[in-house]
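Engineer: So the protein lines, in turn, are chains A and B. The first sequence runs 75 to 193 under our numbering. The second sequence runs 75 to 193 under our numbering.
Think of the hints as simulated: they come from the structure by calculation, not from any bench. Since the model is a prediction, treat every value here as computed from it, not as a measurement. One thing to keep in mind: the hints can contain errors.
Which copy? The list can't say, so a pair holds if one copy fits it or any two copies do.
Stated by the list, open to error - Derived DSSO-like pairs (lysine-lysine); straight-line CA-CA distance at most 27 Å: (1) 134 x 189; (2) 189 x 171; (3) 166 x 134; (4) 76 x 189; (5) 166 x 76; (6) 134 x 171.
Protein chains: 2
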Amino acid sequence: MKALVIVAHGSSREASNQEVIALAERMKESLASEYPLVNTGFLELAEPLIPASIEQCIEKGATEISVLPYFLSAGRHVQEDVPHEVQSVIAKFPQVKIAILSHIGGLPQMDNLIKEAVL
Amino acid sequence: MKALVIVAHGSSREASNQEVIALAERMKESLASEYPLVNTGFLELAEPLIPASIEQCIEKGATEISVLPYFLSAGRHVQEDVPHEVQSVIAKFPQVKIAILSHIGGLPQMDNLIKEAVL
């Protein structure tokens, strides 16, 4: 069973975390046939943290997990922190397929999104 | 003359700032007929800062400036800090039309971008 974990930084401002959770809820509906499980995970300041979020999916039966970094820039969080958190779960559950997708800001479609936004 | 100012947080990691600058360069090409000027502005840690970036556009003749917050979440930066920085320029140049657009993460097209990324 496939799971999608949307990973964000986490904020001390609860409304920001709720934006990510709402996004995951919408994805859960529209991706239901492809990803029976959609969860959110935070790097810090909000829960569940990334390892706990991935483990929740595994507990629910996920065998293949895609981790989507909801970050615009390939900074330290995307290049080091998120992989580090994910790696801890991979080491613990080697039988589960866990892959980190490109961060949102690295997607080629981002250019079109911005063009639509400003025209 | 219209100008687009893409506003990002700014990072101590220069490669992250360069990502934003590269995005602006691509937008400059593809939006040339609509926005003769495209600039980047940073909230902190990189230059030009937001007010300086907007003023650079005004010096080059911009009379109508759209400020695009390149942020995923409507946190304090989007709700308070960016408007505060922009307001300082509006007060100084009341004859220039300056508007802040929706932050990237608040665009309805974001859902489709994510769906395409994970399918």
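Engineer: For a quick check of understanding: which of the numbered hints are violated here, in increasing order?
Structural biologist: Structure breaks no hint.
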